[in-house]
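Take a look at the letters that make up each chain.
There are 2 protein chains.
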Amino acid sequence: MAKAPKANAVVGQSGGPTAVINASLVGVIEEANKHPEIENLYGARYAVVGMANDDFIDLKKLSADTLEQVADTPCSALGSSRDKPDEEYCAKILDVFKKRDIRYFFYIGGNDSANTAHIINIMAADTGYELRAFHIPKTVDNDLLVTDHCPGYGTAAKFEACALMGDDMDNRTLPGIKIDVIMGRHAGFLTAATALGKQRDDDGPHLVYVPERGVSLDKFLSDVEDVYKKLGRCVVAVSEGICDPDGVTWAEKLAKESETDSHGNIQLSGTGALADFLAGEAKTKLGAKRVRADTFGYLQRSFAGLRSEVDAREARWCGRHAVGYAMEDVSGSVAIKRLGNGPDYAVELFRTELINVAEKAKPMPDEFINAEGNGVTNAFIEYAMPLTGGLPKTGHLGNYPRV
Amino acid sequence: MAKAPKANAVVGQSGGPTAVINASLVGVIEEANKHPEIENLYGARYAVVGMANDDFIDLKKLSADTLEQVADTPCSALGSSRDKPDEEYCAKILDVFKKRDIRYFFYIGGNDSANTAHIINIMAADTGYELRAFHIPKTVDNDLLVTDHCPGYGTAAKFEACALMGDDMDNRTLPGIKIDVIMGRHAGFLTAATALGKQRDDDGPHLVYVPERGVSLDKFLSDVEDVYKKLGRCVVAVSEGICDPDGVTWAEKLAKESETDSHGNIQLSGTGALADFLAGEAKTKLGAKRVRADTFGYLQRSFAGLRSEVDAREARWCGRHAVGYAMEDVSGSVAIKRLGNGPDYAVELFRTELINVAEKAKPMPDEFINAEGNGVTNAFIEYAMPLTGGLPKTGHLGNYPRV
Numbered sequence: 001m002a003k004a005p006k007a008n009a010v011v012g013q014s015g016g017p018t019a020v021i022n023a024s025l026v027g028v029i030e031e032a033n034k035h036p037e038i039e040n041l042y043g044a045r046y047a048v049v050g051m052a053n054d055d056f057i058d059l060k061k062l063s064a065d066t067l068e069q070v071a072d073t074p075c076s077a078l079g080s081s082r083d084k085p086d087e088e089y090c091a092k093i094l095d096v097f098k099k100r101d102i103r104y105f106f107y108i109g110g111n112d113s114a115n116t117a118h119i120i121n122i123m124a125a126d127t128g129y130e131l132r133a134f135h136i137p138k139t140v141d142n143d144l145l146v147t148d149h150c151p152g153y154g155t156a157a158k159f160e161a162c163a164l165m166g167d168d169m170d171n172r173t174l175p176g177i178k179i180d181v182i183m184g185r186h187a188g189f190l191t192a193a194t195a196l197g198k199q200r201d202d203d204g205p206h207l208v209y210v211p212e213r214g215v216s217l218d219k220f221l222s223d224v225e226d227v228y229k230k231l232g233r234c235v236v237a238v239s240e241g242i243c244d245p246d247g248v249t250w251a252e253k254l255a256k257e258s259e260t261d262s263h264g265n266i267q268l269s270g271t272g273a274l275a276d277f278l279a280g281e282a283k284t285k286l287g288a289k290r291v292r293a294d295t296f297g298y299l300q301r302s303f304a305g306l307r308s309e310v311d312a313r314e315a316r317w318c319g320r321h322a323v324g325y326a327m328e329d330v331s332g333s334v335a336i337k338r339l340g341n342g343p344d345y346a347v348e349l350f351r352t353e354l355i356n357v358a359e360k361a362k363p364m365p366d367e368f369i370n371a372e373g374n375g376v377t378n379a380f381i382e383y384a385m386p387l388t389g390g391l392p393k394t395g396h397l398g399n400y401p402r403v
Numbered sequence: 001m002a003k004a005p006k007a008n009a010v011v012g013q014s015g016g017p018t019a020v021i022n023a024s025l026v027g028v029i030e031e032a033n034k035h036p037e038i039e040n041l042y043g044a045r046y047a048v049v050g051m052a053n054d055d056f057i058d059l060k061k062l063s064a065d066t067l068e069q070v071a072d073t074p075c076s077a078l079g080s081s082r083d084k085p086d087e088e089y090c091a092k093i094l095d096v097f098k099k100r101d102i103r104y105f106f107y108i109g110g111n112d113s114a115n116t117a118h119i120i121n122i123m124a125a126d127t128g129y130e131l132r133a134f135h136i137p138k139t140v141d142n143d144l145l146v147t148d149h150c151p152g153y154g155t156a157a158k159f160e161a162c163a164l165m166g167d168d169m170d171n172r173t174l175p176g177i178k179i180d181v182i183m184g185r186h187a188g189f190l191t192a193a194t195a196l197g198k199q200r201d202d203d204g205p206h207l208v209y210v211p212e213r214g215v216s217l218d219k220f221l222s223d224v225e226d227v228y229k230k231l232g233r234c235v236v237a238v239s240e241g242i243c244d245p246d247g248v249t250w251a252e253k254l255a256k257e258s259e260t261d262s263h264g265n266i267q268l269s270g271t272g273a274l275a276d277f278l279a280g281e282a283k284t285k286l287g288a289k290r291v292r293a294d295t296f297g298y299l300q301r302s303f304a305g306l307r308s309e310v311d312a313r314e315a316r317w318c319g320r321h322a323v324g325y326a327m328e329d330v331s332g333s334v335a336i337k338r339l340g341n342g343p344d345y346a347v348e349l350f351r352t353e354l355i356n357v358a359e360k361a362k363p364m365p366d367e368f369i370n371a372e373g374n375g376v377t378n379a380f381i382e383y384a385m386p387l388t389g390g391l392p393k394t395g396h397l398g399n400y401p402r403v
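The listed protein sequences correspond, in order, to chains A and B. Counted from 1, the first sequence has number 108 at position 108 by this note's numbering; the numbering is strictly sequential. Counted from 1, the second sequence has number 235 at position 235 by this note's numbering; the numbering is strictly sequential.
Hints listed in this document are in silico derivations from the structure and should not be mistaken for laboratory results. Don't be surprised by glycine CBs; every beta carbon is placed ideally from N, CA and C. Check the hints yourself; a few may be wrong.
What the hints assert, rightly or not - Partner residues aside, some chain A positions facing chain B, computed with beta carbon under 8 Å:
(1) Thr73
(2) Cys75
(3) Ala275
(4) Ala288
(5) Ala304
(6) Lys360
(7) Lys362
(8) Gly398
Claimed, not checked - From the structure, some residues in chain A lie toward chain B, with a derived Cβ separation under 8 Å:
(9) Lys158
(10) Ala255
(11) Lys256
(12) Gly373
Chain A extracted, bound-state conformation (with noise of 0.2 Å):
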């Protein structure tokens, strides 16, 4: 292995935001600090967007105050992009680093960044220049391949819980059916996630459907009759893409059917309309007098007063882990791998290829999903709860006898 060279680096922080993106942030930036191979540490200015345009700060220069008080607020500290950069883009990009004597690549994201960091470091070694390109996992969704799991999943997991903890006590307080419609399009574990705090049997969610099984409306509205006719009440939690049995989402097929039926152009991802659907289809169809609906939305995965310190830390491990990486190796992503569980949760960190993580999405297990396709397996609740770091207890009377 080549000598790690003397020479500059640049650290970008890509796609949707995390509570602890910033964590791993400010991990590379106090690893870089360290590491006299790295003489100037650029921040780029909304990812991709900022390495094409030669839009950088400089990251050596921070105090230790502002790097903890960036390290513990939530989302992208340099700005971030959605931007999946072609061949022509990334010509650019690596037009940029040459310019500037970049060598170290840092990429804080999902599957797509490490995909860009593939690809670059892939066309820097066809024209000889030497750079060296490390992927650091982040996503609320949790859907990376290699890694156990991702930073920022174990805050995200922890909002779910704590959201759902509360909503059963709002449906305990005044009972009926509450349907709470929870972000992954495609991977379920967010959803799963607020089955978490549930502690007694009677608890909430009663019902949780994630897009990795489909399910029709017709079971849907069963199972939750099911439920209300013997608590009562009944708390449900939907991941936004929820599918039919064919695959098709929920989303898509209503979608249609509302431009069929010419009542306009209604979009119901990303809104309010999946959930109150589905409230309009309880109220109707199963006579249930008290309805409600909610959709998550942004706060899951940006809320500013709730985190998983198990998650932070090893957030910020993350980003120390790729920077030390970068001394021995050219390329790779930051992986975790889990030494223990429940109380002796413990993790080490690896490095592994960036092409086993690009591109690739992972689903939930399908032992984390119970057989009827409605609801969690302790498996999952053993893999997830550590990551939140633990959770408050509840206490409440409704079960205490009568006098």
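Keeping the supplied structure of chain A fixed, place chain B upon it in accordance with the hints.
Chain B in isolation, oriented as in the chain A frame:
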């Protein structure tokens, strides 16, 4: 004043839940345990429903652990009801009280609950039945008269502030127009609280609309356009009760227009429809590329992961003081007086007459809303900040010099 009778007591939790209404319940329980005058303390299941149907649990037998767990849990551990009892309903309640020798009545709720306590108290006096009736304030809307602020508001205000701090960072990450629809049909205190987390001149929410000030859709869109042109992004907090200058809510107006246009019966309140409508308007009329909208829903009052310790402490005091007042007086509502503000924030509690609180609602005072009617004043920030118990600091690098 007559001596406090040796008899039984009932406590109920009414209306929509808050994060600290259980702290008030536990305050009542622990203080009742200290007074031998109160022989049994009955918890009314589902508020007036339990009182009318003789459905109670025994609250004197709960362990200290259970009490603390309940005190820390959002929503109403006894269950609630939205019933507004008429005279016949109240007579039924009074019959149950007489049957059980209940001579202390503690009711935690808003202005309707104060009214119920008032009516039952008068009814009892009219029939010569000695009854002491006390109201303990709770509401996320903060709209009760006499008291400086309501238990429940501080935690909900903290939620709004943390939500918008994160949402503003999200909007810095991926710039565009973001519209958040906030709870509060008549009072703007919750919507105003979204501004509490602002720490930099260009932090959002950049615009805040409360129901106390009418605004036209044109003025709203022109405000948004101004901010968007200046900053390249705009974060807006809108009350669900936002109304036209003529006082008609946008929800009503739009529902009516939709009916007229025979697009079907769109329900705009308590759904995502108002947010989706506003996002559509901003997209088409302002030509903005990225427009998103969220409706925060029930998370605002029931989220289990966040609380203001100031709020929880005061809620518990209010519960305790109600029992203390009942040893001295025949009726009343507990109110909070602010003794010092800022770092010297302190309160004391006092008793006011039920009639002063019953059925009346308090809007945001004029001095809390800016002249343009699209933001809050420093006076509001100074009023509301101490109630949150403090907010996290955020860090961002967007304003750092380029290299």
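At a threshold of 8 Å, is the proposed contact between lysine 158 (chain A) and chain B supported by beta-carbon distances?
-> Cβ of lysine 158 (chain A) sits 7 Å from chain B, so the hint holds.
Taking the closest Cβ pair, is lysine 256 (chain A) under 8 Å from chain B?
-> Result: violated, 17 Å to nearest chain B Cβ.
Hint check: 8 Å Cβ-Cβ cutoff, alanine 288 (chain A) to chain B | Violated. Min distance 15 Å.
Under 8 Å, Cβ to Cβ, is where lysine 362 (chain A) needs to be relative to chain B, so tell me if that hint holds or is violated.
-> 24 Å, violated
Is the interface hint for cysteine 75 (chain A) satisfied, with its Cβ closer than 8 Å to some Cβ of chain B?
-> 4 Å, holds
Restraint satisfaction for alanine 255 (chain A) [CB to CB of chain B, less than 8 Å] = The hint is violated - alanine 255 (chain A) has no Cβ within 8 Å of chain B, the shortest such distance being about 13 Å.
Is the shortest C-beta separation between threonine 73 (chain A) and chain B less than 8 Å?
-> Because about 4 Å separates threonine 73 (chain A) from the closest Cβ in chain B, which is inside the 8 Å limit, the hint holds.
Are alanine 304 (chain A) and chain B close enough, Cβ to Cβ, to be under 8 Å, as the hint says?
-> Status holds, d = 4 Å.
Any CB of chain B closer than 8 Å to the CB of glycine 398 (chain A)?
-> Constraint on glycine 398 (chain A) satisfied, holds at 6 Å.
Hold the hint about glycine 373 (chain A) up to the distance rule: shortest CB distance to chain B must be less than 8 Å.
-> Hint violated; glycine 373 (chain A) Cβ to chain B Cβ min 26 Å, cut 8 Å.
Using 8 Å as the Cβ threshold, decide whether alanine 275 (chain A) counts as touching chain B.
-> OK, holds: alanine 275 (chain A) within 8 Å of chain B, min 6 Å.
Holds or violated: is there a CB of chain B closer than 8 Å to the CB of lysine 360 (chain A)?
-> 24 Å, violated
Checked against the numbered hints above, the structure violates hints 4, 6, 7, 10, 11, 12; every other hint is satisfied.
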